[in-house]
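**Student:** Given next are the chains, with one letter for each unit.
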Amino acid sequence: MDWKQSLILFLSAVAGTLGFALLFRIRKRLVGWALLGGTLTVAVYIICIHFFEHAFFQNLLPALAATLFSELLARLTKSPATQYITCSIIPLVPGGALYYTMYYFVTGDMPQFRAALTQTARTAAGLAVGIICVSVFVHLLNFHKFKIDTETE
Amino acid sequence: MQGFFLIFNTSDQNAAVSQCAALCSVPAAGTRGIPRGKAPAVLDKPSKRGYNGQELPKKAEAIILEQQPVQTQDVLTLAMDLGKSMIQCGAEISRVEETILRVCYAYGLQDTQVFSVISVIIATAFDKDGKSETQSRRIYTYATNFQKLEKLNALSRRIFEKHIPPAEARSRLDEITAEKQRFHPTVCLGYILSASAFTVFFGGSWKDALCAAPIAVILYLLSTLIKVRGMNKLFLTALSSAISGFLAIGFVKLGLAENASMIMIGDIMVIIPGLMLINSVREMLCGDVMSGLLRLLESVIISAAIACGFAIPILIFK
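Protein sequences appear in the order of chains A and B.
Residue numbers 1 to 153, in the numbering used here, belong to the letters of the first sequence in order.
Residue numbers 1 to 318, in the numbering used here, belong to the letters of the second sequence in order.
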């Protein structure tokens, strides 16, 4: 992939992030922060596709970066981290892959369906694991404040 | 301990003391979900360390001084309504459950059990006499609304940090949930921008991006119909997919755009529940298997409806 293609990919992903930030009705003064998170994630993603072949790792690292950044922002702006995480990972969400999976399923093209399903599952797993790896530790830091009784009797 | 002395200055000493007991004491160890070995706070030795070593509400004394007994029912209703609104605007299940527990705790209900999936919340709160109050909420529609979520989050933060009176919290919650506006220009702009951007992202030209915009507006208008008439969500999704598929192919036939499949994928990105899929995997890995499974199934079914909708125009104009 040459630099021009990468640039188009980058700019359109950032515009998409802005679009989703508006769609999800994020507060106006926080739109800029969400956009910054999206920019960071897409930048990491574009670097990752040059180094990794597997969709899991291509998405794991951007998700880690996005969640770290979002949790920091959440502390700074005293608002839920979910909104930043959601807006940041939007360009990586396997919407296209999920659609193609179901499309090939509906039209009965089984080899293509299997390939698309694998892609969707790997991407989703990569993103989810990336988010969880960070949020587990953040939750650990928060945990002393309020402890839910999970011990069995 | 200034507050503690103030209690004894009030005229009705006995009532104040009994209410203090309600806020400070916990049930005996070994009963109702509290494991043995954790020493409950004792009344005659007023300690700030309560159940699970957590600090007791700082303004608990203030609530007593105002001589307003907090009803279990009111507190639970408030907590449940707060939780319901949070689910409706896109919060994670674990966060909702924690908020309900913390709101109940802040008003002195120290033993609350809550279970929630995306479509229902059930919670039981026990008061100091061991009497229980159970409520449930059913959630039918949800749409991501981070502005509202942030307000709800700020409210819950005020409840468990500042311990504002339940009545004040109630009126603030009503204020937040009162909004009934149906058409939001910024949301519409968001639809247009993201559809056009993802058309380019997947390799479409600028002409394709322009053609994706009017389709996105139609998709937004159709999505508002759910709230208006309570229309079946799956049918509406399939219908709007079919309409946008026909429009995309129509634009290409008229010569306005170059690649119909690029326009389609741009518009699909706006309506496909890809984010729901990620969240479902996240929830399942975090331990909310039930909720995650429901979300996963729903996202698969909705995307199947979208695929069916787009398959109609694609197969007709093959």
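Check the hints yourself; a few may be wrong.
Residues from chain B that keep clear of chain A, each with C-beta distances beyond 12 Å, as calculated [said to hold, decoys possible]: (1) 74; (2) 92; (3) 120; (4) 221.
The following label-pair restraints were derived from C-beta to C-beta distances [said to hold, decoys possible]: (5) A:114 <-> B:178: 28 to 34 Å; (6) A:29 <-> B:129: 43 to 49 Å; (7) B:132 <-> A:115: 31 to 37 Å; (8) A:43 <-> B:170: 30 to 36 Å; (9) B:124 <-> A:8: 35 to 41 Å; (10) B:165 <-> A:56: 48 to 54 Å; (11) A:141 <-> B:315: 50 to 56 Å; (12) A:31 <-> B:178: 20 to 26 Å; (13) B:214 <-> A:8: 21 to 27 Å; (14) A:47 <-> B:131: 55 to 61 Å; (15) B:142 <-> A:11: 38 to 44 Å; (16) B:175 <-> A:114: 50 to 56 Å; (17) A:3 <-> B:142: 52 to 58 Å.
Subject to a maximum C-alpha distance of 30 Å in a straight line, what follows is the list of computed BS3-like cross-link-like pairs (lysine-lysine) [what the hints assert, rightly or not]: (18) B:207 <-> A:4; (19) A:78 <-> B:148; (20) A:78 <-> B:84; (21) B:207 <-> B:148; (22) B:128 <-> B:148; (23) B:180 <-> A:28.
In short, the hints are calculated from the structure, not lab data.
Glycine residues also receive a C-beta, built at the ideal position from the N, C-alpha and C atoms.
**Student:** Each hint: holds or not?
**Tutor:** Status of each hint after checking the structure:
1. The claim that residue 74 (chain B) lies off the interface holds: its Cβ sits roughly 22 Å from the closest Cβ of chain A, which is beyond the 12 Å cut-off.
2. Look at residue 92 (chain B): its CB is around 6 Å from the nearest CB on chain A, not clear of 12 Å, so calling it non-interface is violated.
3. Every CB of chain A is more than 12 Å from the CB of residue 120 (chain B) (nearest about 19 Å), matching its label as outside the interface.
4. Its beta-carbon lying about 14 Å from the closest one in chain A, residue 221 (chain B) satisfies the requirement of being farther than 12 Å from that chain.
5. The hinted window of 28 to 34 Å between residue 114 (chain A) and residue 178 (chain B) is violated, with their beta carbons roughly 49 Å apart.
6. At about 47 Å, the CB distance of residue 29 (chain A) to residue 129 (chain B) agrees with the hint of 43 to 49 Å.
7. A hinted range of 31 to 37 Å for the beta carbons of residue 132 (chain B) and residue 115 (chain A) is inconsistent with their spacing of about 53 Å.
8. Between residue 43 (chain A) and residue 170 (chain B) the beta carbons are some 45 Å apart, a value that contradicts the proposed interval 30 to 36 Å.
9. Here the CB-CB span from residue 124 (chain B) to residue 8 (chain A) is close to 55 Å, at odds with the stated 35 to 41 Å.
10. For the pair residue 165 (chain B) and residue 56 (chain A), the supplied restraint of 48 to 54 Å holds, since their beta-carbon distance comes to about 50 Å.
11. Separation of residue 141 (chain A) from residue 315 (chain B) is about 53 Å and conforms to the stated range, judged on CB atoms against 50 to 56 Å.
12. Restraint check, residue 31 (chain A) to residue 178 (chain B): a C-beta distance of roughly 24 Å satisfies the suggested window 20 to 26 Å.
13. Under the hint 21 to 27 Å, the C-beta atoms of residue 214 (chain B) and residue 8 (chain A), about 23 Å apart, fit the expected range.
14. Separation of residue 47 (chain A) from residue 131 (chain B) is about 59 Å and conforms to the stated range, judged on CB atoms against 55 to 61 Å.
15. Between residue 142 (chain B) and residue 11 (chain A) the beta carbon distance is about 32 Å. The supplied range of 38 to 44 Å is therefore violated.
16. Residue 175 (chain B) and residue 114 (chain A) have their C-beta atoms about 51 Å apart, which keeps the hinted 50 to 56 Å range intact.
17. Taken as a hint, the range 52 to 58 Å is violated for the pair residue 3 (chain A) and residue 142 (chain B), whose Cβ atoms sit roughly 41 Å apart.
18. At most 30 Å may separate the alpha-carbon atoms for a hinted pair to count; residue 207 (chain B) and residue 4 (chain A) meet this at roughly 19 Å.
19. For a cut-off of 30 Å, the pair hint linking residue 78 (chain A) to residue 148 (chain B) stands: about 14 Å separates their Cα positions.
20. About 22 Å separates the Cα atoms of residue 78 (chain A) and residue 84 (chain B), which keeps this hinted pair within 30 Å; it holds.
21. A distance of roughly 36 Å separates the Cα atoms of residue 207 (chain B) and residue 148 (chain B); the hinted pair therefore is violated under the 30 Å criterion.
22. The suggested pairing of residue 128 (chain B) with residue 148 (chain B) is violated, with an alpha-carbon distance near 34 Å, which exceeds 30 Å.
23. Between residue 180 (chain B) and residue 28 (chain A) the alpha-carbon distance is near 20 Å, which keeps this suggested pair within the 30 Å criterion.
Going through the hint list in order, the structure does not satisfy hints 2, 5, 7, 8, 9, 15, 17, 21, 22.
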